[in-house]
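Chain residues, written in single-letter form:
2 protein chains.
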Amino acid sequence: MKLHERPTNSISDVWDIYKEDLKKVEAQIIEDLDSEVSLINDVGYHLLKGGGKRFRPLLMILCSRLCDYQGADDIVLASVVEFIHTATLLHDDVVDEADVRRGQPAARSIWGNQASILVGDYLYSKALYKAVTLRNQEVNEILSTTTKKMAEGEILQLSKTADINITEEEYLKIIDSKTATLIAATCRLSGVISEASEEKKDSLARFGWDIGMAFQLADDTLDYTANKERLGKTLGKDLSEGKITLPLLHLLKNCNETEQPIIHRIIKEGGVGHNDLEFIHSLFRKYNSINYSLTKAKGYIKAAKQELACYEDSIAKQSLIAVANYAITRDL
Amino acid sequence: MKLHERPTNSISDVWDIYKEDLKKVEAQIIEDLDSEVSLINDVGYHLLKGGGKRFRPLLMILCSRLCDYQGADDIVLASVVEFIHTATLLHDDVVDEADVRRGQPAARSIWGNQASILVGDYLYSKALYKAVTLRNQEVNEILSTTTKKMAEGEILQLSKTADINITEEEYLKIIDSKTATLIAATCRLSGVISEASEEKKDSLARFGWDIGMAFQLADDTLDYTANKERLGKTLGKDLSEGKITLPLLHLLKNCNETEQPIIHRIIKEGGVGHNDLEFIHSLFRKYNSINYSLTKAKGYIKAAKQELACYEDSIAKQSLIAVANYAITRDL
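Each protein sequence line maps, in turn, to chains R and C. In my numbering, each number is its position in the first sequence, counted from 1, plus 200. In my numbering, each number is its position in the second sequence, counted from 1, plus 200.
Worth flagging that the hints you see were computed from the coordinates, not collected in a lab. A quick note: this is a predicted structure, and the numbers were derived from the prediction, not measured. Check each hint, because a few of them may be wrong.
In this list, chains with the same sequence are indistinguishable; a pair is considered to hold if it fits within one copy or across any two.
[As the list claims (entries may be wrong)] Heads up, simulated SDA-like pairs for lysine to any residue below, C-alpha to C-alpha not over 20 Å straight-line:
#	residue 1	residue 2
1	LYS330	GLU341
2	LYS437	THR458
3	LYS373	GLU236
4	LYS468	GLN314
5	LYS330	THR345
Modelling step: build the complete structure from the supplied sequences, incorporating the hints.
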């Protein structure tokens with residue numbers, strides 16, 4: 201195949217090389233979405249077709265190719281993990297009272313909180329239903345462990361809202377649970393369906409986990425620094441929701457006694473004051489807090505790439521490296 | 201055993217005979233609830249220990265005894281189905297904006313909607329996690345099919361809110377999905393862990409389904425007729441939430457042309473007017489709508505009992521008959 205002969209350096213190459221697989225994922229998602237209850241189709245379609253970049257399905261496909269997987273279960277599971285991810289977004293938007301998702305109105309802005317909660321429940325149960333049809337105990341164990349941990353992470357995050365005493369360890373535990381664990385599971389599942397060795401399954405899971413940690417760290421940084429138009433994000437959203445992420449955590453730890461009470465007041469009020477966000481940004485620059493977070497994210501990406509060392513060079517491996525680099529450079 | 205020699209006629213006999221099993225269920229529920237995230241324990245404990253009558257766990261135990269089951273998986277699954285049921289209550293209360301549950305403040309009144317949504321997610325995922333540990337494909341299939349159908353039923357109900365054109369068939373489909381399917385699954389699961397024949401598993405599932413249909417029909421009638429103090433219910437709650445249940449459906453079908461627009465107005469406004477509920481009650485009496493619903497409920501109970509015909513007489517069978525009779529006489 202000619203395409204496979206050129207080096208894979210960028211994420212757009214990756215999307216291009218695997219576009220046929222990704223088309224199969226889209227078809228699977230549409231098939232899985234189909235319900236006789238039309239409200240499910242409307243809400244599900246809005247969210248599942250609303251600009252998600254299929255990061256998890258892409259990783260599922262790439263890791264399966266890395267393991268020379270030949271079957272079709274990767275497509276089924278790609279849809280499963282995307283459904284689980286989408287279900288959490290629906291519930292997150294209700295919990296965060298978010299009006300916008302990926303630059304478009306959040307489902308709850310159109311159909312209300314009630315539909316968002318119940319369609320989230322549906323997508324989640326449909327995902328596990330599809331997974332069970334594969335009749336693979338290990339798949340069920342991975343997914344049920346993962347979803348339990350994700351739910352725990354969301355609640356831990358909620359219980360730490362606006363808690364200025366949150367530690368870096370607790371923050372890392374939250375992003376582990378809410379983001380890294382599903383991406384780790386995605387990559388491990390590729391190994392499971394490929395019947396890879398325990399060592400390889402573990403290294404795939406660690407690869408996914410590192411990518412997930414790096415991605416969430418980068419995302420939490422982007423919340424303060426992103427180009428609003430490009431990402432459809434509102435800057436300082438985490439601050440307004442009382443989510444204390446690593447840049448702010450770093451700042452809280454390093455600021456002086458004069459700055460501290462002002463930062464506490466801003467967190468308490470959710471950064472609603474006119475110059476609050478600007479003040480926080482000036483302190484980020486003073487204490488190098490953004491850089492601290494991004495350096496940590498880069499460390500995870502470095503660790504992720506090292507997990508691939510045991511695999512021979514291949515298009516899939518090059519693609520996974522491209523995805524790893526991409527994970528901390530922009531919103532996924 | 202002396203206790204087992206006397207006839208089991210009433211539900212209080214049943215609670216008494218199986219109190220040791222039910223204690224094991226309580227211990228299992230507490231064990232399964234345990235999380236290192238304290239908010240989960242607080243909310244979960246409030247709801248799981250807040251006056252639920254363990255109807256599904258009791259059916260799980262009774263059906264397992266009916267099948268001479270000797271293992272311990274019935275206790276695990278009793279906790280699993282109670283967790284699933286509790287998760288739906290948490291989400292239902294958010295969707296319905298309910299302030300009271302079983303005569304006590306709803307979890308959302310104490311901890312807010314956010315915690316209720318996320319702890320619901322947690323209980324649900326924890327239930328499926330526990331189920332997966334049994335390593336039984338059939339158990340996973342039953343539970344994943346059931347939870348998917350339950351979520352669909354909730355959304356169908358939401359989409360039919362205040363819809364005066366809802367048909368009896370649609371109403372029955374809603375109560376099938378939201379109530380009967382989990383009770384059917386509970387009884388079927390007893391058959392599965394007992395390695396009962398396909399015929400016996402099917403008859404157990406039909407028994408549970410009939411009980412569930414009858415229970416929900418009776419519950420929907422009680423919403424208009426119950427003794428408020430005894431059940432901790434607010435009369436006409438379904439009407440205020442736009443839920444058109446069988447008594448109202450029957451009324452809509454049988455009322456005359458003068459009454460119809462008034463009923464439509466009351467449904468649209470949620471029965472908030474001072475004399476609205478009284479007016480509806482007078483029409484219920486005129487058209488015998490409550491009786492129509494209860495007769496239907498009794499029909500399901502009769503069908504349920506017939507499913508037990510293939511089993512020899514036993515304490516478990518007598519107990520199941522007592523539970524069947526109880527299902528339509530009061531709130532469970």
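Checked hints:
1. LYS330 x GLU341: both (14 Å within a copy, 10 Å between copies)
2. LYS437 x THR458: neither (25 Å within a copy, 54 Å between copies)
3. LYS373 x GLU236: Answer is between: at 12 Å across copies they meet the 20 Å cutoff, but 39 Å inside does not.
4. LYS468 x GLN314: between (29 Å within a copy, 18 Å between copies)
5. LYS330 x THR345: both (16 Å within a copy, 9 Å between copies)
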